[in-house]
Structure formats: structure tokens, C-alpha cells
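Residue numbers (our numbering), protein chains in the order written: chain Z, 5 to 116; chain H, 27 to 138.
In short, the hints are calculated from the structure, not lab data.
C-beta atoms are modelled at their ideal positions from N, C-alpha and C, and glycine is treated no differently.
Heads up, a few of these hints could be off.
[To be verified] Computed Cβ-Cβ distance ranges for the label pairs, DEER-style:
| no. | chain 1 | residue 1 | chain 2 | residue 2 | range |
| --- | --- | --- | --- | --- | --- |
| 1 | H | Asp85 | Z | Tyr35 | 30 to 40 angstroms |
| 2 | Z | Thr102 | H | Lys79 | 34 to 44 angstroms |
| 3 | H | Pro65 | Z | Asn26 | 14 to 24 angstroms |
| 4 | H | Lys79 | Z | Arg65 | 40 to 50 angstroms |
[To be verified] Now the stretches of chain H that chain Z is said to cover, found in silico as 3 or more residues with beta-carbon under 8 angstroms:
| no. | segment |
| --- | --- |
| 5 | 68-80 |
| 6 | 125-137 |
[Unchecked claim] Okay, derived cross-link-like pairs now, DSBU-like style, lysine-lysine, Cα gap no bigger than 30 angstroms in a straight line:
| no. | chain 1 | residue 1 | chain 2 | residue 2 |
| --- | --- | --- | --- | --- |
| 7 | Z | Lys5 | H | Lys81 |
| 8 | H | Lys79 | Z | Lys46 |
| 9 | H | Lys44 | Z | Lys46 |
| 10 | Z | Lys46 | Z | Lys5 |
| 11 | H | Lys96 | Z | Lys72 |
| 12 | H | Lys29 | H | Lys39 |
| 13 | H | Lys44 | H | Lys97 |
| 14 | Z | Lys5 | H | Lys39 |
| 15 | Z | Lys72 | Z | Lys108 |
| 16 | H | Lys79 | Z | Lys72 |
| 17 | Z | Lys108 | H | Lys83 |
| 18 | H | Lys83 | Z | Lys46 |
| 19 | Z | Lys108 | Z | Lys46 |
| 20 | Z | Lys46 | H | Lys39 |
| 21 | H | Lys79 | H | Lys44 |
| 22 | H | Lys83 | Z | Lys5 |
| 23 | H | Lys96 | H | Lys29 |
| 24 | Z | Lys72 | Z | Lys5 |
| 25 | H | Lys81 | H | Lys44 |
| 26 | H | Lys83 | H | Lys39 |
| 27 | H | Lys83 | Z | Lys72 |
| 28 | Z | Lys72 | H | Lys39 |
| 29 | H | Lys29 | H | Lys83 |
| 30 | H | Lys44 | Z | Lys72 |
| 31 | H | Lys97 | Z | Lys72 |
| 32 | H | Lys79 | Z | Lys5 |
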Amino acid sequence: KQEVTQIPAALSVPEGENLVLNCSFTDSAIYNLQWFRQDPGKGLTSLLLIQSSQREQTSGRLNASLDKSSGRSTLYIAASQPGDSATYLCAVMISGNTPLVFGKGTRLSVIA
Amino acid sequence: DVKVTQSSRYLVKRTGEKVFLECVQDMDHENMFWYRQDPGLGLRLIYFSYDVKMKEKGDIPEGYSVSREKKERFSLILESASTNQTSMYLCASTSGGAYGYTFGSGTRLTVV
């Protein structure tokens with residue numbers, strides 16, 4: 005059974021730092037991987053979607069990489085801002101018609 | 027902008043009540059999902075549907091049922107609400123594995 009792990013569970017950084025959030029999954033045979041952001045009490049907002057054939061995706065200050073063979077993905081946030089404070093969740097899809105399997109998230113605090 | 031709408035942000039119900047949580051998407055997506063999210067447990071899949079009148083059990087279907095009579099609407103039903111069903115409920119949809127999920131803003135259900 006696919007399991008997704010995100011470490012650390014919480015992270016606090018000063019404003020302006022570049023940071024990396026980690027996601028690992030137990031079965032490397034994935035279809036795609038998606039990163040989400042969740043603000044307290046709200047739903048999930050999609051940040052980046054990486055297909056299994058891709059190595060990375062970029063959107064603004066965010067860059068997500070995927071290494072299927074090692075079962076890892078990272079989300080890089082450049083020049084962090086207090087507005088980046090949220091919980092970031094990683095999720096994998098095993099095949100084209102299976103539901104996403106989620107990690108438990110990393111709660112990020114960016115201190116001004 | 028594509029949308030998944032959950033009818034209630036906050037809901038308080040009594041033990042034993044029958045509860046309906048509604049989710050509507052305007053993107054003509056085939057696939058719809060219900061998750062619940064609890065502290066320390068992350069997102070867990072309750073039910074999903076790949077077509078009208080079709081439904082599949084997720085990881086924790088006990089105590090829940092679903093209805094999908096129209097493509098755009100996926101309803102989660104708590105047949106007899108219990109206090110252990112107090113949770114954040116999140117609905118999502120997608121047009122298929124090559125595309126990302128879009129989530130609703132969530133329903134915070136409290137059963138007293």
C-alpha cells in the first residue's frame with residue numbers, strides 16, 4: 005500500500021530564507037504527484053502537478069522536483085514571505101484512475 | 027475560474043441526525059471524491075465516484091453513504107451522525123489522472 009511521508013511536520017523560518025519541504029513515497033510506480041497549500045480552516049489549493057515523466061515544475065517562487073526512482077519529491081520556496089505560512093501537503097496518484105494518497109503535511113511558519 | 031462548491035462552511039448537528047453534505051462542481055469533471063481531515067491523521071478517503079450513479083468505497087466508508095444522481099453533484103450522507111464524525115470534510119473533483127484535483131473550501135462538521 006502506498007504511503008506518503010512528509011518531514012518535518014512543522015518548520016519555522018525567518019522571512020527571506022529559501023527553504024525546502026520534503027515528501028517521500030514508498031512505491032515509486034506513481035502516475036503523478038501534486039503539491040497543495042492549505043490555510044487554517046480552509047480547503048486545499050493546488051500549487052504544482054508533476055507527471056511521472058517530468059522531473060520538475062515551476063510556478064513563480066515555487067519549484068517542485070520529482071525523483072521517482074528514490075521515491076522523493078521536494079518543494080522549494082524561494083525568498084519566503086509571511087504570506088507563505090500555511091500547511092503544505094504532498095499527494096501521489098498511483099495510476100490514472102486511483103484517488104490521491106496524501107501525506108500529513110508540513111506546517112510552515114515564516115516569521116517577519 | 028473552475029469551482030468546487032461545498033454548501034456549508036460550518037455545520038452543527040445532533041447525535042443520531044441524518045446529515046447531508048453537498049458538493050457541486052462546474053467543470054464537467056467525471057471524478058469526484060470525499061475526504062475527511064483530522065489532526066494527526068491527515069486526509070482520509072471516504073468515498074469516490076468516477077461517473078454518475080457510480081460509487082466506490084474509500085479507506086473509511088463506515089457510517090457514510092454517497093449519492094451521485096447528476097454529474098456535477100456528489101453528496102455525502104451520514105446516516106446517523108455520531109460524535110466521532112466531527113471533522114473537516116473536503117470534496118474534490120478532477121477530469122482524470124493527467125489533471126490535478128480541485129478542492130472545495132471544506133465543511134467543518136460538529137456533532138454534539
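For which of the previously enumerated hints does the structure constitute a violation, in increasing order of number? 1, 2, 11, 14, 16, 28, 30, 31
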